[in-house]
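Following the hints, put chain B in place on chain A, whose structure we already have.
The listed protein sequences correspond, in order, to chains A and B. Per this note's numbering: the first sequence = residues 11 to 368. Per this note's numbering: the second sequence = residues 3 to 166.
None of these hints come from the bench; they were simulated from the model. In this text the structure is predicted, and so the values were computed from the model without any measurement. It is possible that part of the hints are untrue.
[Claimed, not checked] Heads up, incomplete: computed chain A residues facing chain B, CB under 7 Å, no partners named: (1) G48; (2) G53; (3) R72; (4) E142; (5) Y271.
The C-beta atom is built at its ideal place from N, Cα and C for all residues, glycine as well.
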Amino acid sequence: MSRSVIPFGPQHPVLPEPLHLKLVMEDEKIVEAIPAIGYVHRGLEKLTEVKEYTQNVFVVERICGICSFMHAMAYCQGIESLMEIQIPDRARYLRVIWAELHRIHSHLLWLGLLADAFGFESLFMQVWRNREKVMDIMEETAGSRVIISTNAIGGTRRDISKDMLLKIRVIVDEIKEDMKQLEPVFFNDYTVKHRLVGVGVLTSEDAYSLGAVGPMARASGISQDLRTTGYAAYGELDFEPVVEKDGDSYARTMVRLKEVYQSVSLIKQAIANIPEGEISVPVKGNPNGEVIARVEQPRGEVLYYLKGNGTKNLERLRVRTPTFANIPTLLKMLPGSQLADVPVLILTIDPCISCTER
Amino acid sequence: MGIINKSRIKSPWVIHYDCTSCNGCDIETLACLTPLYDVERFGIINVGNPKHADVLVVTGSVNKRNVRVLMNIYNQMPEPKAVVAVGACACTGGIFKECYNVLGGVDNVLPVDVYVPGCCPRPEAIIDGIVLAMAKMEEKAKDMKNTSDKATELKPGDEKKSAG
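Excised from the complex, chain A in its bound form (with noise of 0.2 Å):
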């Protein structure tokens, strides 16, 4: 059969970035994927080489505007072992309630994207309509509704007062109430299972060799969550990384949908367990010597490499994406599978193109 070439992007509705692929078709099905990057590839990591220490902070959010909390939390956790600061037990706090807030929304976010991908708009619009509940958190605890900036070395740059500790509390059980009542479209309608069930199979034992991280690995059977490391609060509050067996794009939505459950859950520990006094603590001197740091973000492990020289420049900065990571499984998923099922399959691996390209 003869073969043709489809491209997909970088201008494409489905997802807001540009990502591309050329896919390699006989008929409607799908022989080869052959991915185009670099549209969004801007030089970060150059960047920070010219930028001091401290104003990387802000350079490491920009990288993606989604996750930009755990960015930085992992710059910061990043020179902070570099420099053996040890950071407040209100700051550890802190920073568990804004990157699982984050981790909330990132999750809403493509939950409503995966429903615009199989075509079912009202589901979109009803899980972003809830989404803006966290968004509102933001802008009252941050003055800012995406890139919030309140990591800074040394702790965090902003307090949460007390009766906003408590608004968060009730605000979190609204989404998590919302989102309990979305669950049934999620899990039992007939059309949606029909485009998730068994669509982009990944099996533990391909999971494990092609390097999935996060909600990825997690939907195929591997129990690897970077939280249960004990970065920041997290040691102090209990969780379980979710897990799923099937390895199927329906088995990846349980996974993010339960991690929202997940992050509600945390981040009403985080409150109740937080102690009061400082947020932060001087920082003196310059990094030396080299770190790796890792955290996870809603897409999965993102992992920092620094290397301070003694001087107020980093000599180098390299950055592992966890859509770095999934973009081999992607490829794997993708020979064999039918042209309609394209998007969703993108969508599952949850691609943040930003991240990856810098």
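Below, chain B without anything else, positioned relative to chain A:
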């Protein structure tokens, strides 16, 4: 052209292209479509096809690779058209200005009609930017009407002829 231009003033269809944005402005642009902000009440719809679009919403600064894609999208849009640069990066290059792969703001390659500053701009600001672009489109449509041939203008009852 008359009736098409007139109806377009009230409901601009938007195409969104992410140049090298960090996603912050993109999710705020998408948030405009969702129930809290709901731009559809102004007749604004996000379309995927540049040939259906009136307003090009660009987020992020231009780099060496995506400049060709951006020009392609712009050139495929029918006249009259407007360009809205959303976010600090699209306006001037923003925090990415010093990066080696970044050419700077969108106005380096396209004529920008409305600048929406902010990192990230709030959805209200983005909606306001698109509404301002609507006014610009109206002016552009008038200019086009004045310069175009009077004989091709529509008269009442002629709509069918130009509909195709």
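Hint check results:
{"no.": "1", "hint": "G48", "in the structure": "holds, 5 Å"}
{"no.": "2", "hint": "G53", "in the structure": "holds, 4 Å"}
{"no.": "3", "hint": "R72", "in the structure": "holds, 4 Å"}
{"no.": "4", "hint": "E142", "in the structure": "holds, 5 Å"}
{"no.": "5", "hint": "Y271", "in the structure": "violated, 22 Å"}
Checked against the numbered hints given earlier, this structure breaks only hint 5.
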